[in-house]
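S.K.: Sequence:
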Amino acid sequence: MKVSVRIDMKMELYHKTTMERLVIDNSILKCYNQDSAEYKALCEEYANESGIDREDDPEGFDKAVFELMSKRAVENQNRIIDEITDAVRSCYSNSNASGYVTFGGYIINPKDFCAVAIKDFSVKVKQEKE
Numbered sequence: 376m377k378v379s380v381r382i383d384m385k386m387e388l389y390h391k392t393t394m395e396r397l398v399i400d401n402s403i404l405k406c407y408n409q410d411s412a413e414y415k416a417l418c419e420e421y422a423n424e425s426g427i428d429r430e431d432d433p434e435g436f437d438k439a440v441f442e443l444m445s446k447r448a449v450e451n452q453n454r455i456i457d458e459i460t461d462a463v464r465s466c467y468s469n470s471n472a473s474g475y476v477t478f479g480g481y482i483i484n485p486k487d488f489c490a491v492a493i494k495d496f497s498v499k500v501k502q503e504k505e
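Residue numbering for the sequence shown follows the working numbering, beginning at 376 and increasing consecutively.
Within a straight-line C-alpha distance of at most 30 Å, the following computed DSBU-like cross-link-like pairs (lysine-lysine) qualify:
no. : residue 1 : residue 2
1   : K405      : K494
2   : K438      : K385
3   : K486      : K391
4   : K438      : K405
5   : K438      : K377
6   : K377      : K405
7   : K377      : K501
8   : K438      : K501
None of these hints come from the bench; they were simulated from the model.
Make a model of the complete structure from these sequences and hints.
M.R.: Structure follows, in structure tokens:
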């Protein structure tokens, strides 16, 4: 079995002088093989947290692990969004401040843009039989 977590989101920016709109799509895909050490560690961690054994209810256990993976992905992306927001806010609120944001493979100078939005955030967990 193979499990994948896909996170999609978009950044929309408006250039401060031309008002041209720039949209950057960002997708992150993380795949786990059921036999991998990383997936086994995740299962073990969940078993320790919940007290549920995978042998008792494999289907329910896997569903709960997928929910844990999704929750962690959302928490991680929220942290990244907060860091981007802080960097942009710092550049906008202090004219002497300089900084940059990396997103979707781009390095962005927030001072070149008058508006920045992060939107269309989604997390998908998928299980595939091999």
